[in-house]
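Novice: Chains as they are written, first to last, in the working numbering: chain A, 642 to 776; chain B, 642 to 776; chain C, 642 to 776; chain D, 642 to 776; chain E, 642 to 776; chain F, 642 to 776.
Please note: incorrect hints may appear among the correct ones.
When chains are identical, the list treats them as one kind, so a pair holds in a single copy or across two.
[As the list claims (entries may be wrong)] Straight-line Cα separation of at most 30 Å, DSSO-like style, residue types lysine-lysine; simulated pairs: (1) Lys713 with Lys670; (2) Lys713 with Lys649; (3) Lys643 with Lys713; (4) Lys706 with Lys649; (5) Lys761 with Lys643; (6) Lys761 with Lys706; (7) Lys649 with Lys761; (8) Lys649 with Lys674; (9) Lys706 with Lys669.
In short, the hints are calculated from the structure, not lab data.
There are 6 protein chains.
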Amino acid sequence: MKVSVFRKEHFNAAHRLHNPDWSDEMNKKVFGKCNNPNYHGHNYEVIVRLTGEINPDTGYVYDMKLLSDLIKENVLDRFDHKNLNLDTEEFRNLNPTAENIVVVIFNILREKIDSAYDLKITLYETERNYVEYPS
Amino acid sequence: MKVSVFRKEHFNAAHRLHNPDWSDEMNKKVFGKCNNPNYHGHNYEVIVRLTGEINPDTGYVYDMKLLSDLIKENVLDRFDHKNLNLDTEEFRNLNPTAENIVVVIFNILREKIDSAYDLKITLYETERNYVEYPS
Amino acid sequence: MKVSVFRKEHFNAAHRLHNPDWSDEMNKKVFGKCNNPNYHGHNYEVIVRLTGEINPDTGYVYDMKLLSDLIKENVLDRFDHKNLNLDTEEFRNLNPTAENIVVVIFNILREKIDSAYDLKITLYETERNYVEYPS
Amino acid sequence: MKVSVFRKEHFNAAHRLHNPDWSDEMNKKVFGKCNNPNYHGHNYEVIVRLTGEINPDTGYVYDMKLLSDLIKENVLDRFDHKNLNLDTEEFRNLNPTAENIVVVIFNILREKIDSAYDLKITLYETERNYVEYPS
Amino acid sequence: MKVSVFRKEHFNAAHRLHNPDWSDEMNKKVFGKCNNPNYHGHNYEVIVRLTGEINPDTGYVYDMKLLSDLIKENVLDRFDHKNLNLDTEEFRNLNPTAENIVVVIFNILREKIDSAYDLKITLYETERNYVEYPS
Amino acid sequence: MKVSVFRKEHFNAAHRLHNPDWSDEMNKKVFGKCNNPNYHGHNYEVIVRLTGEINPDTGYVYDMKLLSDLIKENVLDRFDHKNLNLDTEEFRNLNPTAENIVVVIFNILREKIDSAYDLKITLYETERNYVEYPS
Chain A
642 MKVSVFRKEH FNAAHRLHNP DWSDEMNKKV FGKCNNPNYH GHNYEVIVRL
692 TGEINPDTGY VYDMKLLSDL IKENVLDRFD HKNLNLDTEE FRNLNPTAEN
742 IVVVIFNILR EKIDSAYDLK ITLYETERNY VEYPS
Chain B
642 MKVSVFRKEH FNAAHRLHNP DWSDEMNKKV FGKCNNPNYH GHNYEVIVRL
692 TGEINPDTGY VYDMKLLSDL IKENVLDRFD HKNLNLDTEE FRNLNPTAEN
742 IVVVIFNILR EKIDSAYDLK ITLYETERNY VEYPS
Chain C
642 MKVSVFRKEH FNAAHRLHNP DWSDEMNKKV FGKCNNPNYH GHNYEVIVRL
692 TGEINPDTGY VYDMKLLSDL IKENVLDRFD HKNLNLDTEE FRNLNPTAEN
742 IVVVIFNILR EKIDSAYDLK ITLYETERNY VEYPS
Chain D
642 MKVSVFRKEH FNAAHRLHNP DWSDEMNKKV FGKCNNPNYH GHNYEVIVRL
692 TGEINPDTGY VYDMKLLSDL IKENVLDRFD HKNLNLDTEE FRNLNPTAEN
742 IVVVIFNILR EKIDSAYDLK ITLYETERNY VEYPS
Chain E
642 MKVSVFRKEH FNAAHRLHNP DWSDEMNKKV FGKCNNPNYH GHNYEVIVRL
692 TGEINPDTGY VYDMKLLSDL IKENVLDRFD HKNLNLDTEE FRNLNPTAEN
742 IVVVIFNILR EKIDSAYDLK ITLYETERNY VEYPS
Chain F
642 MKVSVFRKEH FNAAHRLHNP DWSDEMNKKV FGKCNNPNYH GHNYEVIVRL
692 TGEINPDTGY VYDMKLLSDL IKENVLDRFD HKNLNLDTEE FRNLNPTAEN
742 IVVVIFNILR EKIDSAYDLK ITLYETERNY VEYPS
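Next comes chain A alone, as it looks inside the complex (with noise of 0.2 Å):
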C-alpha cells in the first residue's frame, strides 16, 4: 500500500547557458537570449517526491517537516540566491539547464534518503517551461 507525498520548495538563482567547447557565434545561435554573458535569473519551484509505505504508528509516509528541512540543508541553501555557474561546484563545468539540474538535484537528495523510497524530482524553470527525473 504504497502512498506518494509530494513537497514543493522554491529558490532563486541566476544562471546562462553555455558550452565552453563552441564559438560564441554556436552558443548564441543554439542558446539564444539564454546564452546572455552577465546572466539573467528564475524562480525556481522544486517539488520532490517520495513513494513508500505509511508507518502505521505515525499514519506518515515521510514526515514533511523533516523532508522541507532537508531540501532547505541540501538544495536551497546550495543553490537560493547563488549563479548556478559561478557560485556553485554542481555547474561549474556542467550547463545548468533545467533537465540537468533536476538530475543534480536528485543526486543530492537521493544519498540521503532511505532508498526504501521511490524519488522524484520535478522543477519548474518557469510556469510553462518545466522537467522530471527520472521520467
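Go by the hints and put chains B, C, D, E and F onto chain A.
Specialist: Below, chains B, C, D, E and F without anything else, positioned relative to chain A:
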C-alpha cells in the same frame, strides 16, 4: 487507447494528528503544531483520476458531471465542514494524516466506480504538501 | 512617489461560526455548515500591503524580510495551527468570520507599523472567498 | 538517464458536444448544457511532455523554443480562436470532447516528433476538468 | 469600518467580436482572430466585490452563500455554456468584448444588491487579459 | 463609464541589490542574500492596468494586442534575459529593487500611452513579494 480523465473538487475540514498509544510528550514531539488538542484545519483539494477507454458514442471516458456528483455524494458530503477526528467514522480510530485520508478516499470511491476503470487520487493538504495513491 | 509593497503569508486554522445570543436553530439557519459544533478549518492566505515612499538609500519602501518576520511573529505565531474560537484571545468573544479576522489582523499590525505607512490587509479563506480591509 | 520535459501552451476555442446519430432529446440528456446548438467555449491549456536522453552537448532533452514553435505551428494555429466543430477538419465528424481533442493533439504531434522521444499530452478544458493521453 | 468581500465564480461561453457597421475587412483588421465568424470561446472568471459595514450579529458584510446564489441565478444561468452573440439578449446588439461584458454584469447585479453596498466587478477573459468596472 | 483593462506579461532577469556608497559589510547587512556579488534572478510578472472610456465602435478601452506589443517592445525586449545591473541603462546607477523596477516600467510606458488613460503597474518578483505603482 486509454485516456485518463481528472476531476478536481475541494472540502474544508478540521483535524488533529494524534496517536492515543503515545504520551502527550511523544505526540508533541512527532506531530508538533499538528497535535494541537483543539484542532486546526485545511482547504483540501482532491483530484480524482479515472483511466479507461473512450466510449465512441459519447466521446467520454466518464461523464464528468456524474463523476463530480459521485465525489460530492461520497466524499464532500462526508468530510466537508467536518472535524475529521470527531465527526467521521473513518477517522475515529485512524490518524487523519494526508496519507491516511487519500487511502480512505480511494477505498470509498473504488467501491463506487466500475473496476474497468483504473483509479488514482491526489490530495492537497496545502499548496506545498500533497499526496497520491496508489503511488 | 508612493509605492505599495505586498507580502503574502499563510496559516492553517480551525474555526466555527456561532452567535451565542442565538438559538441553535437560528445559528444553523444563518451559518449553515460553518456552524458545525466540532469546527472545520481553512488554509488562510494573508496579504499585507504597505504604502510609502521609496527610501533612496535602499530602494526599499520596507524590507520584505522584516515585514515577513513581523507577520510571522504577530499573526502566524498567534493563529497558525490553532482553533480560532478556543485557542485565541481575539476570537473568544468575536465570531471568527473572514471579515472579523481581517479587521483583527489589521489592528494587530497597525500598532507595529509606523503610521507613515498606509496599511491594507487581504485575507483568503478559500480561493473563491476573500475579504479586504480597509475597503 | 531519461528526463521528461514539459511545455505548456494555450488556445481559446468554441465547441459543442453532439452525436448526430442521436435524437435531440438524447443529445440534451447526455451532454446537457454542452449540447447548446450555438456553441460555448473554453480556454484550453495544453501540456506537452517529451521524454528522452539529455544531449551532453546542449544539456537539453529537446530545445523548448523548438517545442514551443512546433506546438504553435501544428496545434495552436489549427485550433486557436476556432470553432472546433465547424472550422477544423479533425472534428467535423468527431465529437470534440476533451478526450477526443487530447488524442487528436497526440496524433498530430507524434508525427512531428522523433520516435526516440516518448510523448504524453495533458489538456485542461477548465481548471477542474482535464485529461491525459496516453494514460 | 467598511470591509470588502469578494466571491469568485466562472462560466464558459462562446463569442465573436464584430461591428455590423463595418466591412468584413475592417472587422478583420480591428478584431483579428476574435472576429472568426464561427465564434471561439473562453473560461470566464468573474469576481464580485461588495463593500459595506460588518453586521455585528453575524460578523458578515454579506452572506457569501447568498452572494454566490445571486451570481448563479443572475449571471451564470444567463451566460454559462451560451453563445453570447446569439443566445443572450444583452449582446444581440452589443459587441461582447470583456469591457462590455463586465459593465453588463455590473448593471445586472447593481439592481439586485442594496445600494448600501459598493459594487465592483472583475472579469478574467484569459489568465493574462482581464477588466474591472467601475475602474 | 471608465473601465480598467489589465495585461499580464513576464520576463526573466538577473539582478543584485547593492549600494555603492556603503561598505561591503553594510550591504551584506541590509540586503542579505540579495547582495550576492555574482547575482541571482527572478521570473518577473508585470501587470499593466489602463483605465479609460470604452470606445463605442470597438467595445475596447484599449486593444489588448496593441498593449501586449507595446509592453514587449518597451519592457520585455529591454529587460528579458538580461542582467539588470550590467545590461541595462536604467539600473546602471539605480538599485534594481522591485520598487525601483516598477517605477522605471511605469515611466517607460507612461511616455508611450496617451495621457487620457490612467496607468498603474504591478510587478511580481516572487509569488509572495510584489509591488504596485502608483499606490
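Novice: Evaluate each hint against the coordinates.
Specialist: Structure-based check of all given hints:
In this homomeric assembly, Lys713 and Lys670 come within 30 Å of each other (Cα to Cα) only across copies, at 21 Å, whereas the closest approach inside a single copy is 36 Å. In this assembly of identical chains, Lys713 and Lys649 lie within 30 Å of each other by CA distance both inside one copy and across copies; the values are 11 Å within and 20 Å between. Proximity of Lys643 and Lys713 under a CA criterion of 30 Å is satisfied in both settings, with 25 Å inside one chain copy and 26 Å between copies. Within a single copy, Lys706 and Lys649 get their C-alpha atoms as close as 12 Å, and across copies as close as 21 Å, so both meet the 30 Å cut-off.
Taking the shortest Cα distances, Lys761 and Lys643 sit within 30 Å of each other both inside one copy (14 Å) and across copies (12 Å). For the identical chains of this complex, Lys761 and Lys706 are neighbours both inside a copy (18 Å) and across copies (25 Å), given an alpha-carbon limit of 30 Å. Within a single copy, Lys649 and Lys761 get their C-alpha atoms as close as 12 Å, and across copies as close as 20 Å, so both meet the 30 Å cut-off. Taking the shortest alpha-carbon separations for Lys649 and Lys674, both the intra-copy value of 28 Å and the inter-copy value of 20 Å come in at or below 30 Å.
In the homo-oligomer, the alpha carbons of Lys706 and Lys669 lie at most 30 Å apart only across protomers (13 Å), although the nearest pairing inside one protomer, at 43 Å, exceeds that limit.
In this structure, every one of the numbered hints holds.
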